[in-house]
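Number of protein chains: 4
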Amino acid sequence: MSTTGAPDPSRRNDATRRAILSAAIDQVGEVGYAKLTIERIAKSAGVGKQTIYRWWPSKGAVFFDAFLDLAGDGEAAALPDTGDLAADLKLVLVATVDELNDPRFDRAMRALHTEIVLDPVLAADYAARLDNPMREIKKARLRAAQEVGQLADEVDLEVAVDLIWGPVLNRWLHRTAPLTSEYAEQVVDTALAGLTPRKS
Amino acid sequence: MSTTGAPDPSRRNDATRRAILSAAIDQVGEVGYAKLTIERIAKSAGVGKQTIYRWWPSKGAVFFDAFLDLAGDGEAAALPDTGDLAADLKLVLVATVDELNDPRFDRAMRALHTEIVLDPVLAADYAARLDNPMREIKKARLRAAQEVGQLADEVDLEVAVDLIWGPVLNRWLHRTAPLTSEYAEQVVDTALAGLTPRKS
Amino acid sequence: MSTTGAPDPSRRNDATRRAILSAAIDQVGEVGYAKLTIERIAKSAGVGKQTIYRWWPSKGAVFFDAFLDLAGDGEAAALPDTGDLAADLKLVLVATVDELNDPRFDRAMRALHTEIVLDPVLAADYAARLDNPMREIKKARLRAAQEVGQLADEVDLEVAVDLIWGPVLNRWLHRTAPLTSEYAEQVVDTALAGLTPRKS
Amino acid sequence: MSTTGAPDPSRRNDATRRAILSAAIDQVGEVGYAKLTIERIAKSAGVGKQTIYRWWPSKGAVFFDAFLDLAGDGEAAALPDTGDLAADLKLVLVATVDELNDPRFDRAMRALHTEIVLDPVLAADYAARLDNPMREIKKARLRAAQEVGQLADEVDLEVAVDLIWGPVLNRWLHRTAPLTSEYAEQVVDTALAGLTPRKS
DNA sequence: TGGTAAGCGAGACGGTACGTCGAGTCTTAAG
DNA sequence: CTTAAGACTCGACGTACCGTCTCGCTTACCA
Chain A
1 MSTTGAPDPS
11 RRNDATRRAI
21 LSAAIDQVGE
31 VGYAKLTIER
41 IAKSAGVGKQ
51 TIYRWWPSKG
61 AVFFDAFLDL
71 AGDGEAAALP
81 DTGDLAADLK
91 LVLVATVDEL
101 NDPRFDRAMR
111 ALHTEIVLDP
121 VLAADYAARL
131 DNPMREIKKA
141 RLRAAQEVGQ
151 LADEVDLEVA
161 VDLIWGPVLN
171 RWLHRTAPLT
181 SEYAEQVVDT
191 ALAGLTPRKS
Chain B
1001 MSTTGAPDPS
1011 RRNDATRRAI
1021 LSAAIDQVGE
1031 VGYAKLTIER
1041 IAKSAGVGKQ
1051 TIYRWWPSKG
1061 AVFFDAFLDL
1071 AGDGEAAALP
1081 DTGDLAADLK
1091 LVLVATVDEL
1101 NDPRFDRAMR
1111 ALHTEIVLDP
1121 VLAADYAARL
1131 DNPMREIKKA
1141 RLRAAQEVGQ
1151 LADEVDLEVA
1161 VDLIWGPVLN
1171 RWLHRTAPLT
1181 SEYAEQVVDT
1191 ALAGLTPRKS
Chain C
2001 MSTTGAPDPS
2011 RRNDATRRAI
2021 LSAAIDQVGE
2031 VGYAKLTIER
2041 IAKSAGVGKQ
2051 TIYRWWPSKG
2061 AVFFDAFLDL
2071 AGDGEAAALP
2081 DTGDLAADLK
2091 LVLVATVDEL
2101 NDPRFDRAMR
2111 ALHTEIVLDP
2121 VLAADYAARL
2131 DNPMREIKKA
2141 RLRAAQEVGQ
2151 LADEVDLEVA
2161 VDLIWGPVLN
2171 RWLHRTAPLT
2181 SEYAEQVVDT
2191 ALAGLTPRKS
Chain D
3001 MSTTGAPDPS
3011 RRNDATRRAI
3021 LSAAIDQVGE
3031 VGYAKLTIER
3041 IAKSAGVGKQ
3051 TIYRWWPSKG
3061 AVFFDAFLDL
3071 AGDGEAAALP
3081 DTGDLAADLK
3091 LVLVATVDEL
3101 NDPRFDRAMR
3111 ALHTEIVLDP
3121 VLAADYAARL
3131 DNPMREIKKA
3141 RLRAAQEVGQ
3151 LADEVDLEVA
3161 VDLIWGPVLN
3171 RWLHRTAPLT
3181 SEYAEQVVDT
3191 ALAGLTPRKS
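Protein chains in written order, with the numbering used here: chain A, 1 to 200; chain B, 1001 to 1200; chain C, 2001 to 2200; chain D, 3001 to 3200.
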């Protein structure tokens, strides 16, 4: 018989769990991630602090779960494939730009990145649960392009993904300049064509 | 004549200022940014808390100044130009990779990004004082390449910079995969050549 | 039903409460009332500051409670009555003098007076809980004397008490001159006999 | 040549000194003694903090001087002597009661007592500069009474003064009960007649 | 079907850091 | 050389949250 105090997940009250996660998202929207506290989440969820500490180790973990819960729904299983690679990529990238420009999403997403940048454990978790699946979907589309000769055979798909999505993510994160659809399309065109001149 | 109560910089003790900034850097190295506190900086610098609050509004601002002070020194004025664009870019990017892989620099740099991602004011300051000057240097090298026909005329230099440096920065930030020299070189090659096949 | 945020006394930890009160008394004895701080009491009691602020509004209030707790125990129920009023009063007053000359008690008592002199609320509380009960005891002894003809019928007992105890308290408070047993006895004799000459 | 830093009083600017003292009195009236600070006095007097510290060791000392400056003026040189001791004493004591009941004077006087009760040095200074001179005046009147047979020869004048003025001061300090003229007169009568019955 | 061992809301507790105020010392510039 | 001004170190203020710890209470499971 163990007395480790590890809680029994089977007895967990799911309504409470959801109340906590959605309170976390709400409060980030209201006061920002820096002023998000466990006590605030608890009060806003109508929950005792201990209930949060029983199931999560830190505010970062709570928010992280909350974010994944939110983002996990309605994920596309595949990128569009109309046969026109450039058009398909632009479509997806412009949608991403719109999402990042939505203030509510912007705040939550920046909060997430803050945690991920500093905490390798969360970063790994994030990679496993959200980023890698998305990468696979992206790579699948690129692989399909490769098979029909729209993408050079020698291109490493990891690098290709980074080349296309990296610049957009970066400009958003660092606010180097306004993040527009035009920029997204320019990135796609430039990445596909390359920087060096093509003969005629 | 203003009555804002803003302190008079001319009376500022510069030795104290430097002690604070270097204490901030030291302490981030020792305990990490999350555990960095104003009190810790003050104690480590042998300084009253009030002296910090008199000149900076937050720990983020202190650390930010400290970082800029550090990074501002010994900045290269120009990228190497041997005539071989690919080689020059690889050289620079590999150096960047090495820097980012240095644990001391890694910690400070991540801390900086955390602040910048959440605070647009700091982001603008960072852009003005460090990022933009660096971008100009990068663009100068690319423009030179354009003039000798090593870079396509229609390429937007902003996009080109993002395409080359963005992926490296991203992989470092998100720890998508280990950040290696090989990756840096692969990024340069791929960005220059483009993703679509070139005829023979 | 109130929402004042006032804490619920039933949940109060009594061991903690006692630790705070006795730490307050200890520390006044060690460093004096002027250097008594909430932080010092908290540290000496092994208690968080917030726990003190939760239950008391100021250091004065803490100390006041501590003093009453101390003084409230072991109070005599009545003054001695041997039939000789002068002797009885001298006995009591000399005991008071000794008490006031005890450095530990002196410090605490002066601290108490400091608070009482400036704060009418504390003064009222002090009167209700300590001073008035003591006055009643004193008046009871004087009333008994009146009944056996040792005290003039027309004497107001309030004034009588003030006349006997007032001078001693005053000399102690203001350090007009050293507070001795002889003085106490002289006060009793003079108050009983009056200042004007008696015939024969 | 000495470098003890002891300031030379002869170079003292008297206008500055007066500005400080009257600022101290003003500010006690405005915010009370507890919230009186050196900085507040300095600002209100248009004076640097150092100027105050150069001449006084503490806020208590400043206020004390300020008070003495105020009270020192217009002191009576002698108590009235109409030949009727009781009447003369009542007149003086009733005047004292009125003074103590004046709110402005009450505040300053309580502040003064707070300092005196805790600080023996100030107490001695107060005794030397205000209390003793007043006692001598009181004793002079009583001595005169003794010489005309209105006061018993064996009465110690120190005790007599304490017996008459002590009760009034005490009731004021501790707010035992409202301080009225009637009380003052009752004290005089009782002290003169004594507590024990007089034959016939 | 009643006992008992969770989970839970609530919130007191020992702590750490916050950002502010004032103490008392020291430096600078003006007169 | 004194002064007004104010930066400096230091320490306490009173507050906000941290993460841990009871408290009763509801709510399953199991005997």
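Derived from the structure by calculation, the hints contain no laboratory data.
Glycine included, C-beta positions come from ideal geometry on N, C-alpha and C.
Take the hints with a grain of salt, since some may be wrong.
[Stated by the list, open to error] Here are some chain C residues the structure puts well away from chain D; computed CB gaps all over 10 Å:
{"hint": "1", "residue": "Pro-2120"}
{"hint": "2", "residue": "Ala-2140"}
{"hint": "3", "residue": "Leu-2151"}
{"hint": "4", "residue": "Asp-2156"}
{"hint": "5", "residue": "Glu-2158"}
{"hint": "6", "residue": "Arg-2175"}
{"hint": "7", "residue": "Thr-2196"}
{"hint": "8", "residue": "Lys-2199"}
[Stated by the list, open to error] Here are the in silico distance ranges between beta carbons for each label pair:
{"hint": "9", "chain 1": "A", "residue 1": "Pro-103", "chain 2": "B", "residue 2": "Arg-1129", "range": "58 to 66 Å"}
{"hint": "10", "chain 1": "A", "residue 1": "Ala-95", "chain 2": "B", "residue 2": "Ala-1015", "range": "53 to 61 Å"}
{"hint": "11", "chain 1": "D", "residue 1": "Met-3134", "chain 2": "B", "residue 2": "Tyr-1053", "range": "23 to 31 Å"}
{"hint": "12", "chain 1": "D", "residue 1": "Ala-3124", "chain 2": "B", "residue 2": "Thr-1037", "range": "40 to 48 Å"}
{"hint": "13", "chain 1": "D", "residue 1": "Met-3134", "chain 2": "C", "residue 2": "Gln-2050", "range": "43 to 51 Å"}
{"hint": "14", "chain 1": "B", "residue 1": "Arg-1129", "chain 2": "C", "residue 2": "Val-2031", "range": "47 to 55 Å"}
{"hint": "15", "chain 1": "C", "residue 1": "Leu-2070", "chain 2": "B", "residue 2": "Gly-1048", "range": "48 to 56 Å"}
{"hint": "16", "chain 1": "B", "residue 1": "Glu-1147", "chain 2": "A", "residue 2": "Ser-22", "range": "54 to 62 Å"}
{"hint": "17", "chain 1": "B", "residue 1": "Tyr-1053", "chain 2": "C", "residue 2": "Glu-2182", "range": "35 to 43 Å"}
Against the structure, the hints:
1. Pro-2120: violated (6 Å)
2. Ala-2140: Non-interface label stands for C/Ala-2140: nearest chain D Cβ at 15 Å, farther than 10 Å.
3. Leu-2151: violated (6 Å)
4. Asp-2156: violated (6 Å)
5. Glu-2158: violated (7 Å)
6. Arg-2175: violated (5 Å)
7. Thr-2196: violated (5 Å)
8. Lys-2199: It is violated; C/Lys-2199 is separated from chain D by about 8 Å at its closest Cβ, not greater than 10 Å.
9. A/Pro-103 <-> B/Arg-1129: 58 to 66 Å: violated (27 Å)
10. A/Ala-95 <-> B/Ala-1015: 53 to 61 Å: holds (54 Å)
11. D/Met-3134 <-> B/Tyr-1053: 23 to 31 Å: violated (50 Å)
12. D/Ala-3124 <-> B/Thr-1037: 40 to 48 Å: holds (47 Å)
13. D/Met-3134 <-> C/Gln-2050: 43 to 51 Å: holds (48 Å)
14. B/Arg-1129 <-> C/Val-2031: 47 to 55 Å: holds (50 Å)
15. C/Leu-2070 <-> B/Gly-1048: 48 to 56 Å: The hinted range 48 to 56 Å is violated for C/Leu-2070 and B/Gly-1048, with Cβ atoms some 38 Å apart.
16. B/Glu-1147 <-> A/Ser-22: 54 to 62 Å: holds (56 Å)
17. B/Tyr-1053 <-> C/Glu-2182: 35 to 43 Å: For C/Glu-2182 against B/Tyr-1053, whose Cβ atoms are near 59 Å apart, the range 35 to 43 Å is violated.
Checked against the numbered hints above, the structure breaks hints 1, 3, 4, 5, 6, 7, 8, 9, 11, 15 and 17 and satisfies the rest.
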